[in-house]
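Colleague: If you want the building blocks of each chain, they are given just below.
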Amino acid sequence: MGDIVTTVKKTWKIISSMGFAIGLLVILAVSCALGSFLPQGETYAAYAEAYSERTAGWIVALGLDDVYHSPWFLAMAAFLCLNLLACNLVRIPQILRRFRAAGEMPRTAAAAEAAADQLTAACRDSHQAEEWMHSLGFRKIRTGTTEDGRECRYGVRGRAGLWGAWVCHLGVLLLILGFGLGQTMKQEYTVYGLPGDSLQVGDTSYVVTIEDFTVDLREDDTVEQYTADITVRDVSTGESHRDTTSVNSPARMFGLTFYQNSTGWAAGIRVDKNGELLQDENVCAGDYLTVADLPDLVIMLTAFYPDLRMTDQGPVSASSALNNPGYLYMVYYQGQVLGMNVLTEGEQVTIDDYTVTFHDPQNYTLLQIRRDPFTPLALLGGLVTILGLLLAFYFPLTQVWAVEDGSGEELNGWTVRGRCPKGGILFRERFKEVTQGDGN
Amino acid sequence: MAINNLAIENGLFTVTMLLYFAAMILYFIFFAMQRERPASIAAILQTVGFALHTAALIIRGIGAGRLPMTNQYEFATSFAWGLCLVCLIFVHRYQFRVLGTFATPVIFLIIGYAAMQSKDVRELMPALRSGWLGFHVSTAIIAYGAFGVSFAVSMIFLLRERMKDNDFLKKHVPQKEKLDMISYRAVSLGLLFLSFTIVTGAIWAERAWGTYWSWDPKETWSLVTWIIYAVYLHLRLRRGWKDRSAAIFAVIGFICVIFTYIGVNTFLPGVHSYK
Ligand code: HEM
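In order, the protein sequences belong to chains A and B.
For the first sequence, counting from 1, position 245 maps to 245 in the numbering used here; every step adds exactly one.
Residues are numbered in the numbering used here as their position in the second sequence, beginning at 1, plus a constant of 440.
Think of the hints as simulated: they come from the structure by calculation, not from any bench.
Any given hint could turn out to be false.
Coverage of chain B stretches by chain A, computed from C-beta distances (three or more under 8 Å per stretch; other residues unrestricted) [as the list claims (entries may be wrong)]:
| # | segment |
| --- | --- |
| 1 | 504-517 |
| 2 | 538-551 |
| 3 | 659-672 |
| 4 | 677-688 |
From a predicted model like this one, the values you see are computed outputs, not experimental measurements.
Glycine is no exception: its CB is placed at the ideal position from the N, C-alpha and C atoms.
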């Protein structure tokens, strides 16, 4: 039994130690760097081609093809969380004690010594002591008497700084937790379509209707902004909301975030049979249409050129403005290519009884839809981390204590003591500067 | 951007570079020959250079109608500016001119790198048109500047024990304990700003790309840098200032900064490569 207790104690000690933290952090940094050098998410074959079969075997076996989600990486992150938690728990009583102690004015010489290192200076009187304290940056100075009846002054600042590292550690913990939970719980969907389309969002009860989609171009033909105007309806309740989403300004509705992700061209493909309209459907570039009464016949809109120019290298688009639409199509019959060509507006292609025309090119929008309920937790973690850093670095605990020398008839002057452990030599120099007279 | 704006910016940029170069040489003479005067002139040249550099950036910003921090050239020149700013502040604050000897070569290298980049002003793709971008990049510039200073101070720390003490060194190179404190101050500033950089970058990425963290190489390397400096802090706490390992980590940290900035764009693919 005793052995188990000792082992648990030892393990706890290691887990809450700073040495363990340093080791973990170094390994984490190296792993992150490794993941950035090795292409991630490739297949064994791709690694074997890039390196050698043996190396590829190791890469896949060790999970180096997906470092950031590999079991050992996650285990390290979990250990870091445990480490942070343990370290923060262990340190609460100690920080509280120091925090409280610094709040009280020392009333004995021994207490003052404990609070004020070896930094001491002799001064004339209480007036000069206060002046020095002001010069050292203390605005509020407390007045009191020691247990043996001598007058004293006390200044303290940066007590909150005692919590800096603690708050920073808490922030990192929340950040990792928020990120990790988000990774496991988040949902992602994509939908794409043209104005007027209503699209089901994955297996949810939401339907997105694209009311409008615009691409704003600048004078030099580069894109200024993509904007989709969308309505989202929850079919289970009938509730609906409308909003616009553009790059850098997603729409947030029903706890989902709608991102304007990308765009492309779509056009209508009209098929006539013996002069009679058979079908007319919108198809995105890269997609195809199956002829209604002859499923073996497939018409693919391979590419679309808004401003068609024919060059030696084939068709290109001279600009992204809709000046001279060109449709590159392919016709398949029973899986075999029957023909391909580029048509311009108004031209048609005839295949036996069928005539095909392309018309009304327009931009479709691709929306990405996500839900990550833990993003706010991760953000909170980030902000708490920053707060902790601010406290740790810019609010160092600093104390100055001044006391009347001797008592009764032997009054002859005052002694000032100062302390700022984090300020190190910089604070000591400043203290000397102030107390030796050239500090103002 | 109006042609004459670009020409003025170009002129100012070239003069800035020459001034930084002259400051670097004079600071070197000051340290190598142990003479006081060159340092005084170097400090003036560096300050004037900094003022012209600021003017060049403002003119470019006005011409482009946005913060001049979005392509490789703009970020490089801003990086050099941030390093120069933090360097001037630390030299002044700690009366520490030898810092100039070690920091000006880094400033000059970075502005030299900027000079080799294309200075074209291009319109931004929609994802880059965000208010968060301004916060993201300007905090990065201060962070990188501060890390550059901690690098220079840590190099002095590591070299300090090899230097034979004489009056000049006693006067101009602080003792190791003080060097450690100055480096710590610089790292503190840098880490705080790097944290801002990462958080604002994540907020922006969430809005622009839909995920706040996607292990893109630049993100990953800024995390690596952040971790290295966290290790620096703990090593310092654990071993005390006499130990060299913290100083070594400050040097490694700045190598990571440079890699995050130049290496990632050059060697690794990702959304952050501005090309
Ligand atoms: C990513 C992880 C971590 C970060 C960002 C971090 C950050 C910090 C910071 C900023 C400080 C203040 C340093 C200073 O004031 O100079 C600090 C102090 C400290 N850290 Fe961490 N830390 C991390 C992990 C850990 C872990 C896992 C432990 C576990 C043992 C730990 C133990 C300590 C201790 C004991 C201190 C001294 C506290 C004090 O002076 O009040 N740290 N840490």
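Colleague: With reference to the structure, classify each hint as holding or not holding.
Modeller: Against the structure, the hints come out as follows:
Under a criterion of three residues with beta carbons nearer than 8 Å to beta carbons of chain A, the stated coverage of the segment 504-517 of chain B fails, only 0 such residues being counted. Counting residues of the segment 538-551 of chain B whose C-beta lies closer than 8 Å to any C-beta of chain A gives 0; at least three are required, and the coverage claim is violated. With 8 residues having a beta carbon nearer than 8 Å to a beta carbon of chain A, the segment 659-672 of chain B meets the requirement of three or more and the stated coverage holds. With a cut-off of 8 Å between beta carbons, the segment 677-688 of chain B has 3 residues touching chain A; three or more are needed, and the interface restraint holds.
Checked against the numbered hints given earlier, this structure breaks hints 1 and 2; the rest are met.
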